[in-house]
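Enquirer: Letter by letter, the chains look like this.
Protein chains: 2
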Amino acid sequence: MIKLPEAIQEVVKSFAKLPGVGEKTAFRQAMSMVQWDAEDLTLFSSAVSSLQTIKFCKGCGVFSDDEYCSVCSSDERKDNGVVCVVENISDLLAIEKSNQFKGIYHILGGVLNPLLGVGPEQLRIKSLEERVEALNIQTVILAINPSVEGDATCSFIKQILKGINVERIGFGIPMGGSLEYLDSLTISKALENRKQL
Amino acid sequence: MIKLPEAIQEVVKSFAKLPGVGEKTAFRQAMSMVQWDAEDLTLFSSAVSSLQTIKFCKGCGVFSDDEYCSVCSSDERKDNGVVCVVENISDLLAIEKSNQFKGIYHILGGVLNPLLGVGPEQLRIKSLEERVEALNIQTVILAINPSVEGDATCSFIKQILKGINVERIGFGIPMGGSLEYLDSLTISKALENRKQL
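Here the protein sequences line up with chains A and B, keeping their order. Numbering-wise (this note's numbering), the first sequence opens with residue 358 and increments by one. Numbering-wise (this note's numbering), the second sequence opens with residue 358 and increments by one.
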């Protein structure tokens, strides 16, 4: 039997840890990397290694070279008095890309999930409270994905932030969506959230 | 706008070079890697880097720490006088895993594809000829995937290896396959390749 070189075994194992990558895909990807030239491999290797050195904003929690990210250090955006709470960095970037939100962000780092041992202490809920007070925030927008855990997290935050206007982003038919192909839960949410024209 | 750290951009770019990975998947994978601990990142990084040092067997072309791989240096397997020609290392490993082939291998490194500039010189066809002569091979089994280019490559090799028994692996219904779901080309090949019971 032909033995796989250790470097390939290690790359396969690492790839298989990524979301949506199984053993077979990982192997196929590793095999294609064997054909890369030395320069590309070195670049990739050093980029992976320097992921360790990425620093995060002390405010919202997004990556940032400075102590505070460009959004958190912008007076204009802080002065709006609105904070948008998201689960993770990808969600923050998606909202920022829409270019519609002019306040600051706060990354929770996940949602409450007692079964997986994620309680309020594991999330950045304490620091949310502190920031809301320190920055004189009037409105908190919860941009948390709809799920049982997400809903519970929203209720929890609503309870904690007394006297603050807590809102959740709207649910309904996505743009370009077709009623025919949508699940009934989305449709009932859309009916519930109807708006007078 | 929040800028992605350079390490993440580089990782995304590298992931996107892998087969079946687009910009979005690459980004999602890079974002999940940000959460890995330092040890895992270091392991992955050094494994990627050491892919450069992988050596290949001088005979068949599979990876090997020694000059010749375990199959090519086995007298028992050489003495069978059969060489199995495959496109790439993954195909070789797939055949070796079936444990049915007792000869030696030869990796072509692809198939003839004039449109992509792959001619006989770009493939290991010359060394196949040399090995067939040097090792006194009587039978060459072409385990090349069925495609227009694969078929052309097989005809080309058949022409070159005069006086040698050149065979191609069988086409038909795969084990566990269902006629209902198979394409008509496979079904016509299966009918053509029928066997008397």
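If you're looking for bench data, these hints aren't it; they were derived computationally from the structure. Check the hints yourself; a few may be wrong.
Treat identical chains as interchangeable: a pair holds within one or across any two.
Below, simulated DSBU-like cross-link-like pairs (lysine-lysine); rule was C-alpha separation at most 30 Å, straight line [claimed, not checked]:
#, residue 1, residue 2
1, Lys546, Lys374
2, Lys483, Lys412
3, Lys370, Lys381
4, Lys412, Lys546
Enquirer: Does each hint hold? Answer for all of them.
Expert: Structure-based check of each hint:
no.	hint	result
1	Lys546 / Lys374	neither (35 Å within a copy, 40 Å between copies)
2	Lys483 / Lys412	within (20 Å within a copy, 53 Å between copies)
3	Lys370 / Lys381	both (11 Å within a copy, 22 Å between copies)
4	Lys412 / Lys546	neither (39 Å within a copy, 59 Å between copies)
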